[in-house]
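Colleague: Based on the sequences and whatever the hints tell you, model everything.
From first to last, the protein sequence lines stand for chains H and L.
Going left to right, the first sequence walks through residues 1 to 319 as my numbering numbers them.
Going left to right, the second sequence walks through residues 320 to 516 as my numbering numbers them.
Hints were generated in silico from the structure; no laboratory data involved.
Here a beta-carbon is modelled for each residue, glycine too, at the ideal position from N, C-alpha and C.
Check before you lean on any hint, since a few could be wrong.
Covered by chain H, according to a simulated footprint, are these stretches of chain L (three or more residues, beta-carbon under 8 angstroms) [what the hints assert, rightly or not]:
(1) 348-357
(2) 406-414
Below, simulated SDA-like cross-link-like pairs (lysine to any residue); rule was C-alpha separation at most 25 angstroms, straight line [to be verified]:
(3) H:Lys121 / L:Leu353
(4) H:Lys94 / L:Leu339
(5) H:Lys34 / L:Asp337
(6) H:Lys240 / L:Tyr413
(7) H:Lys126 / H:Arg160
(8) H:Lys94 / L:Tyr358
(9) L:Lys355 / H:Thr28
(10) H:Lys233 / L:Tyr411
(11) L:Lys417 / H:Ala225
(12) H:Lys213 / H:Tyr252
(13) H:Lys121 / H:Gln84
(14) L:Lys405 / H:Glu247
(15) H:Lys233 / L:Ile419
(16) L:Lys405 / H:Asp243
(17) L:Lys405 / H:Gln220
(18) H:Lys240 / L:Leu408
(19) L:Lys405 / H:Asp232
(20) L:Lys417 / H:Leu237
(21) H:Lys38 / L:Leu339
Derived CB-CB ranges, DEER-like [said to hold, decoys possible]:
(22) H:Thr281 / L:Arg454: 49 to 55 angstroms
(23) L:Lys405 / H:Thr281: 22 to 28 angstroms
(24) H:Ala23 / L:Ala336: 37 to 43 angstroms
(25) H:Lys38 / L:Asn393: 42 to 48 angstroms
(26) L:Asn345 / H:Thr29: 20 to 26 angstroms
(27) L:Val456 / H:Gln187: 51 to 57 angstroms
(28) H:Ile30 / L:Leu339: 23 to 29 angstroms
(29) L:His446 / H:Lys144: 55 to 61 angstroms
(30) H:Asp107 / L:Ala336: 45 to 51 angstroms
(31) L:Asp392 / H:Ala23: 22 to 28 angstroms
(32) L:Tyr411 / H:His37: 47 to 53 angstroms
(33) L:Arg454 / H:Met122: 51 to 57 angstroms
(34) L:Glu381 / H:Gly82: 50 to 56 angstroms
Here is how the chains run, residue by residue.
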Amino acid sequence: MMETEYGPGRTIPHPVMFRVLDAEADDTTIPEIKVEHKSEYAYYPGCVDYYDVEMQFSHMNYGDTNHGIIFDSSIKLLRAVGIQPMILDRSFMKCCGHDQLWQGKVDIFERMRDYNTKIIKMLGVKTLVTSCAEGYRTFRLDYKLDGVRVVHITTFLYERGLRIPPQPETAKRIRVAFQDPCRSGRQMPIDPVYEEPRELVKRVDNADLVELKTFRADAQCCGVAQMMYCNDKTKGLTRKRMDEATEVDADYLLTACPKCLTHFGCLHHENRWQPGEERYTYKVMDITQFLAERLPGDYPTGSNVDTKRKEPPLPGRRG
Amino acid sequence: MIGTATSPAPPVPSPPADPLVAYYRNVRQMNLTLAKDRYKQGFKVRTQEYIRGRGTLAIVDEEICMGCTHCFDNCAFESISMVDRKFALPEYSYTSRKAIIIEENCVGCEKCAIVCPVDAITMVTKHGFVVKDGRVVSTTAPPPPPPRPPTPTPVKLATLAPAPAPKAPTPAPSPPEPAEEPPEESGEEEGEGGDAP
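Modeller: Right, here's the structure in full:
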């Protein structure tokens, strides 16, 4: 409890991630940037590696949910459509500032925005691809990137005509549900991304696309805004959304937002704790990972480079 | 030679032939290590926030706790247990996991408070302890008497006091004031000792 001007109130606890990201914003000196491969197509991975550390440190699934694979899969998919993107690396870019803006820390957001805009202009980026719904909205609407086209990766892959090769005969038919992230859907006033991920899923020949009870502009939230605060009410919302996927008997629940992946993965793991309580039998993953698994070949970034990931942890408590 | 030069060479994967693939792998690895390093710095500051030690106890704010089980895993004394709180709504019900402290086992090591990602755990003093000047002290037991060497001959001290006054401060703490006290204490001790047998 803390004393506010309106009386006693409670501060919203922030994960350590935000302290790290906020601390980053203070240093606005531009470092020496050495990009080995320059291209007009840039890919911004966002904070996916930070999610992994955050999940391993502070959440219950011990890094079971693999966010870093979004990075690997995006590069693999972009190479499959003939693009060799330049990576807007976190060593010289800052966080896109979405969370800071939506938490009301506008000054921190503006500092990040000015810094990032300067670097994007400096590198001469023409097309900025993000694999994250929040990054898409933030770069598109809240930044003023004149002359830079900001696209979500599903839009980009759809435009470039991603082909998924026919799956082997032995592959079973799978039912795939897609969760519309709010930032690229109903909270995106221009160019919402509804159609493209569904079209891409339809190109996998053994996958049947099923719709959840609420979808497109009516899609229900995954429960938590950003990584803001997880409590009993938000867990109830997440539970409700995941039950919708159970009702349609989905084998895969896909999403295009790493934060939806976080929260679904968290509840997924929590409900695997007790053996009698296995509620969710489907897999939760990002749409880029789902598509990249259907492509032949290895990940160019070296997938699962983290040695901890070779053996996924057992569900439930450690030790 | 052998002792100095032996360093176990880690299994280095062969660099890929494609320079572009090498670039992607390099960036990926760099991002991973960057995230880890930045996280480490974020956690260092947290160890300064809490009081620790004997006489303190961890408490969990259940409204904030999100059931991540991290304190549960890190507790060395098995003093944290996870419980499922049930939330019943008209349409459906669900459970939410919470940490609770087993107070008999808690030694106040503050490890749980450090690892808690949402600051749901704070350290408080147990009954009978207060925080004074940044440290936890007991209110029930009297403070232990300061160790004092026995003063067998107060008379000598009193007589010799004026002469070695300049070099007194270094060996003995505060020579003139104790000179008045010891006689009283010795007198009491003698009186008690006389009563007991």
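Colleague: Could you tell me which of the hints above the structure violates, numbers in ascending order?
Modeller: none
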